[in-house]
Each structure stands twice: as C-alpha cells, then as structure tokens.
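Chemist: Chains as they are written, first to last, in our numbering: chain A, 1 to 729; chain B, 1 to 52.
In short, the hints are calculated from the structure, not lab data.
Owing to the predicted nature of the structure, the values given are computational and were not obtained by experimental measurement.
Warning: the hint list may mix true and false statements.
[Stated by the list, open to error] Straight-line alpha carbon distances no greater than 20 Å define the calculated DMTMM-like cross-link-like pairs of lysine to aspartate or glutamate that follow: (1) K59/A x D45/B; (2) K74/A x D33/B; (3) K74/A x D114/A; (4) K174/A x E363/A; (5) K622/A x D549/A; (6) K62/A x E88/A; (7) K74/A x E88/A; (8) K429/A x E99/A; (9) K425/A x D33/B; (10) K44/B x E55/A; (11) K425/A x E35/B; (12) K74/A x D32/B; (13) K212/A x D114/A; (14) K74/A x E119/A; (15) K59/A x E102/A; (16) K482/A x D33/B; (17) K74/A x D37/B; (18) K74/A x E99/A; (19) K680/A x E444/A; (20) K429/A x D45/B.
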Amino acid sequence: MAYDAPADHPSLAACPACVAAPAAERLAALQRPETARLILSLPTAHCAACMSTVEGALKAHKGVQSARVNLTLKRVSVEAEATVTAAELARVLDAVGYEAHELDPGLLSMTETDRQGREILMRLGVAFFAMMNIMLLSVAVWSGAEAATRDMFHWISALIAIPTVAFVGQPFFKSAWAALRVGRLGMDVPISLALILASSISLYETIHSGEKAYFDAAVMLAFFLLLGRYLDHRSRALARSAAEELAALEVPRAIVLQDGQEILLPIAQVAKGDLVLVRPGGRMPVDGVVVAGTSEVDRGLLTGESLPAFAGPGLVVSAGEVNLTGPLTLRVTAAGRDSSLHRMADLVAVAESARNRYTTLAERAARIYAPLVHILSFSAFAFWLWKTGGDVRFAVNISAAVLIITCPCALGLAVPAVVTAASGKLFRKGVLIKNGTALERLAEVDVVVFDKTGTLTLGAPMPSNLDRVSDADKAVALALAKGSSHPLAMALACGISGIPALVTNLREVPGYGIKGQLNGQTVRLGRALWVGAAEVGQTATYLAIAGQDPVAFTFTDQIRPGAEAAIAGLTLQGKRIKLVSGDTEAAVRAFAARVGIADWVAGALTAEKAAIVRGLGDQGYKVLMVGDGLNDTAALAGAHVSISPAQALDAARVASDIVLLGRDLSAIADATRIAKQATKRMVENFQISAAYNVIAVPLALMGAATPLAAALAMSLSSITVSLNALRLR
Amino acid sequence: MQILTVLIPVSLFLGFIGLVAFVWAMRTRQFDDPEGDANRILTKDYDDKPAP
Chain A
1 MAYDAPADHP SLAACPACVA APAAERLAAL QRPETARLIL SLPTAHCAAC MSTVEGALKA
61 HKGVQSARVN LTLKRVSVEA EATVTAAELA RVLDAVGYEA HELDPGLLSM TETDRQGREI
121 LMRLGVAFFA MMNIMLLSVA VWSGAEAATR DMFHWISALI AIPTVAFVGQ PFFKSAWAAL
181 RVGRLGMDVP ISLALILASS ISLYETIHSG EKAYFDAAVM LAFFLLLGRY LDHRSRALAR
241 SAAEELAALE VPRAIVLQDG QEILLPIAQV AKGDLVLVRP GGRMPVDGVV VAGTSEVDRG
301 LLTGESLPAF AGPGLVVSAG EVNLTGPLTL RVTAAGRDSS LHRMADLVAV AESARNRYTT
361 LAERAARIYA PLVHILSFSA FAFWLWKTGG DVRFAVNISA AVLIITCPCA LGLAVPAVVT
421 AASGKLFRKG VLIKNGTALE RLAEVDVVVF DKTGTLTLGA PMPSNLDRVS DADKAVALAL
481 AKGSSHPLAM ALACGISGIP ALVTNLREVP GYGIKGQLNG QTVRLGRALW VGAAEVGQTA
541 TYLAIAGQDP VAFTFTDQIR PGAEAAIAGL TLQGKRIKLV SGDTEAAVRA FAARVGIADW
601 VAGALTAEKA AIVRGLGDQG YKVLMVGDGL NDTAALAGAH VSISPAQALD AARVASDIVL
661 LGRDLSAIAD ATRIAKQATK RMVENFQISA AYNVIAVPLA LMGAATPLAA ALAMSLSSIT
721 VSLNALRLR
Chain B
1 MQILTVLIPV SLFLGFIGLV AFVWAMRTRQ FDDPEGDANR ILTKDYDDKP AP
C-alpha cells in the first residue's frame, strides 16, 4: 500500500544528474553498430489501421526485420540491421503521417517494474481461484450444513486457504515485518495479524469440529487488498514509464572538433577545453565561450527573454540556449555535471526533499486507524476473557472477528481505485501525473503562478504591425525573409501574403540579418544597429532600403492554445492567478493585458521567481507553478505542486510533478477540477468504510458476527468504494 | 452425499484449469498490450503467419 512505503518512490524526479550518468554509458552502447533493437514513441497512434500502417511501412523499409506496435504504451519496437538508424525510421513514419520520436532503449527499464507487476498479478490470480472455491464450500456451510459434512467442508477449505494465505500474504507479511522492526504500526501490521489470526483460529476450530471458520474471510481479505495494491502499482508503473519516456526522448550529444574533424560524442565525454560546434537551430550542449562565428542566441528557456541576443566571439553562453542563425564554435568551460544546467539540480533536490514530507490522506487515515484496530481487538479479547472466566478459545474468536471486520479492505482499495480512475481520466486529456501525491496536492491549490515565455506563449513570434507597413516594403521584406531560417524571418515569411519583390544576391550575415540587391540598391533585413534603425523596445526586425527610412516589423509571441481557457477556468474555480516572467516590463504588461491577468511581475530572475513562490507559500497559500524554462526550475521545485509542458527543458520537466503532453493548456483547469473531485471521492470512500465499521464493529465486539456477516461486509464495502471511485467525471 | 466426493474434486479441478490458464497467459506476456490486442483483431491485413 502507498501509505507506509513513502520510501518506495525516489523515482526519476530526485535528481536529473543521477539519470544523466547511467544514460551516458547507455549512449555509448547506443552508438555501437551492433545495436539491433530500436524503440520509437508514437504519440498519435490510436487504432487498428494505425498499427497496420506503421508496421507495414516499417517492414517495407530496407534492413528492418520486424516491427511491432504496442498500442497501450504507444510505442513501436523494431528489430533491424545495425545500419538502420532511428532517425531514418522516424522519417519513414513521418511520411505515412505518424509523428515518431527516438527513445533511448536503455532508459526504458521496464523489466523490473514489469516483474513486480506480474508477481502481484500472479498472487491475485491464486487468491481469486482460492476465494471462489472456498466461497462455494462456504455457501453450503452458511445454508446449514452440519456435523460431518460441515467438518469436511471446513477441512477442504483449510487445505485450500492455508497455502493460499501463506503464498498470497507474503507482500503484507514482509512489509509488516519491516514496519515492526523499526517500531512503526503501518497498515500492513493489522492486515497481517488478521490474516494469520483468522487462518489459525479457523484451523483450530476445524480440528475441534467448531462451528465458525473464517477461511473465506481470510482469503477474500487477501484478494481485495492485493487488488488495491495491484491498482496502486499499475498507476505508479504507468506514470514511471511515461516519465522514463520523456527522459529517453532527449539523447544528448555534442559535435566536438578534434584535429579539424567533426565527431559526434555523448555529452558525458566532452571535457573542459574542447571545441564544440553548434549548428544553427541546435541547443548549446555545454557552457562555453564563443571562439568563432557570429549568430544570435535565444535565451528564452534560461531567462524568459523573448528577444534573441547577438552572439559573437568572446560571448559566454550557457547550456540550454538555442543557436539561431549561424554556426558557432565554443570553447567548453563546463560540461555535463558541472554545467549551469546541472547545477540547477542542486536547487531542485533541496526543494524536493521538502515536498516528499507531504503526508497523504491515506497516510493520515492509516495513522488514526492502525492503533485503533489493535486497541479494539485486544480490548475485545481482554473483555471476553474476563467475562467468560478464562475461555481463551472464545476470546480469540471474537478478537479475530473484530480484526477481520475492521480490516481495511475498503481503505486499501479506496485510494488506489480513485487514483487509477483519476489518472486514467487525466491521461486521456494529455495530463501525465508523475508523482504519487501530486493529485492530492493539486486539489489544495489556491494560487496559480504562470511563467510567460514558452508556457503561456509558444515561444514562436507572430508579426503584429503588418497592417501599418506599406505593400512595397512588405514585398521586399518577404523576399528577404524567405532566404533566412531565423525564427523572426520565418514568422515574417509566413505572415506576409503576396508576391515577393525581385531581390537578388541574397546573403545571410549570421548574427546580424540578411541582405540583397533590389534594382541595384542594397536592402537589408535584420538587427537595428546593423541596418541603422532606432530600436523600438520590443521584439522586432528592421528593414532598410537604401535612401529610405528604416521600417520596423514588430512581433508578439503567439499565445499557446487553450491559455485563455485555462486562465478563465482557473479564475472561475476561484484561484488567484499571477504572472511571473523574466521578460521586459513592456512585453509582460502587454501580454498580461491580452490574456487578462491583473497581477504580474516582470524581469524576475531564477532566484526571484523561487522567492516569490516561497513567499506565497509562507503566507499559507498552496501554489501551483506552471513553467517550462530553466529559470523556472527552482520555482517549480519549490511550489506546492508544479506543471510543465512536454516541450519544456528536461530539467524543468524533471522538477515538476505533472507534465502536459499536448500543446493545449486548457487541460490545467480540468486537472485541478478532477484533482479536487478525486480528493473528495477519497474522503467519501473513507467515510463509507468508516460507516461499515460503525455498524459491523459493535456486532463483532458483542460476538454476534458470523463468518457470513464478515464476508458480506467485506465484499459490499469493497464494491461500494470501487463504484464510488468510478463516479469521477 | 456420495456425489460430493466426485463433485468437489471436479469443481476444484475445473477451477485449477482456469488458474493454470491465467498463469500461462501471464507468462507468455499476453497482458502486455491489451489495447493493441483488442485492435489487432480488426486489422484487415491477411496474414497466414501472424507475428509472434
């Protein structure tokens, strides 16, 4: 059960560096030519036709021996000759209309959890078989079998039940023993006690031809509890495998220049002082100083600035920045574990340890419940021993009945059933719960802090003043923009419709812009200083035609789909919304007005963001942080609960509890609603279990609980809580 | 009542067959991709040699 085993999920989240280190070795293995098994993630596959299209396309590709889609995990595993690369297969799948990403097979260590899951499932199968057979025999006993017949039925039940309990109960016995050794009373202690006591008293009764035997109850108890444990294991394994998938998505490599040759190396093998080449569009793999080349860098993920910065020799760059226009050669100052990206992990680890101290509802319930059961059972034993004047057999019978009836069948199912239902529902909406307690924490949230760049916006610019620019200028700009792969140029090329002007001799000047010849005159599109224009104070590119005043094209960031819906939904749920961005004041003010957030902070650095979140926490608010960049990582880890989009930097994804798989943000409002509902269902389930106990416990204490009553109470309460869990909408 | 000596072993035996079938299905990884298997019977591709 989740309650007494919090040490059970250190998971991936603890520190990104731990994940990176073994990954490096696997990367080396990945590069070896004999690798024959490739795994690709297929997020869009959903039907029978998808499976046959994907498998058919892959099998038709040269060198592929077999391909099999796993629709449950949305992956395809391919057996292929060593010459086939994952990138090649991804292109093949792209051609037939399926988005595919390479996964690092080494990181997908499903085998261990797989084995555990199958072990529980096996015990569950055995328990079900035994329960059904004993139930069949018990029906005869309940309906009045007597004397020799009853004894025979009891004996057969004992023969089935005792080995079953011994085999099936092992997980409970083990964790009960572990709890007792450190002097704690977990939920598994009363469970184990009930199983052992019920089996042994029933065996004793059977030997002495007694009337009451609780074999059916003991086995049923084991079955229902195992079912709860299996559900719990499954939802955790699913979350873990999805989280592993996210981690496996990024295979970090760097192009190292050695003796004038370009060699692709895993990040872990890059050393301080190496020369690393970063192509346009690539992310800086290391911290370093630019030694050659000019370009522009996008620091959005690190600082939240939406404006690209100029990069030339001497500039210090950090891992995670994106190189935009020209190739850059870096002298490595820090790589791997020492790079700024990984130093952030320390901050995350500190904040995470605070979060792991969160006590779940189930733990709180178990804390009240476990001692209560023992006290009730022992006092019943003592009372009847005194009352009957030393009839140990009768007293033990009563205390076993009390243990069986109070045993947390429903309690053990109450939480796993709700969590399974809720996380399944959220997964279908593209919300992935990475952390076991995240759902409960999400339900408590009253303040939502958003990051701007990359979270509420897509980080993709959109031209904003095209209607104020003359058509002639637009035609020239379009012609120039088409020649560049800079994000602003690409946005312009998409945004301007019409026929481009006849510009010849197009030449891109990395880091500055693009120029060409129009009717014998030089025209330039690029940075303000380069074209000789005055800066306008927001994201913009400038067009200069010789002899004319330069024209500015301004850009706004594109709002992420569903951002407005998410904000409206959260406001409707009565949550306070705050925007904290590292961007300039003008950009943040304009954006806040556009999406309707009154409370905003601009120019916040990493530490300030974390401080704002911590400050809110100190005031007693439960903060939900939504962010994507490296500058949000500390705030994400420090918040009560955090969400990041799948496109976020991996450090941010590791630091957050919940990952949004789609591009759409509106799922956030759904997630908080469902989390709240799920917590309500959990509380209801505890109440239902308590209600059953309130009725059944006095009966058991008075000695009026028959094995039939125990069986009925147990199955009814289990079914009620399962049905209640399914009521989630 | 003599019939019980036949019926009880028979019922246990039948239940046991079910248990063995379940364990076998699990051992041969038939629960690995329930969604895919449910959809796979709907594919129209003719295959006289289904993939293992």
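Chemist: Taking the hints in turn, state whether each one holds.
Modeler: These are the hints, each one checked on the structure:
1. K59/A x D45/B: This hinted pair holds, its Cα atoms lying about 14 Å apart.
2. K74/A x D33/B: Distance ~10 Å between K74/A and D33/B Cα, so the pair holds.
3. K74/A x D114/A: Roughly 17 Å between the alpha carbons, so the hint for K74/A and D114/A holds.
4. K174/A x E363/A: Between K174/A and E363/A the Cα gap is close to 19 Å, so the pair holds against 20 Å.
5. K622/A x D549/A: Since the Cα atoms of K622/A and D549/A sit roughly 53 Å apart, the hinted pair is violated (cutoff 20 Å).
6. K62/A x E88/A: Status holds; Cα separation ~11 Å.
7. K74/A x E88/A: Status holds; Cα separation ~19 Å.
8. K429/A x E99/A: 18 Å, holds
9. K425/A x D33/B: 19 Å, holds
10. K44/B x E55/A: The given pair, whose Cα atoms are some 13 Å apart, holds under the 20 Å limit.
11. K425/A x E35/B: Status holds; Cα separation ~16 Å.
12. K74/A x D32/B: Holds - the C-alpha atoms of D32/B and K74/A are around 12 Å apart, at most 20 Å.
13. K212/A x D114/A: Since the Cα atoms of K212/A and D114/A sit roughly 40 Å apart, the hinted pair is violated (cutoff 20 Å).
14. K74/A x E119/A: 24 Å, violated
15. K59/A x E102/A: 17 Å, holds
16. K482/A x D33/B: 46 Å, violated
17. K74/A x D37/B: 13 Å, holds
18. K74/A x E99/A: 11 Å, holds
19. K680/A x E444/A: The hint holds at about 11 Å.
20. K429/A x D45/B: 31 Å, violated
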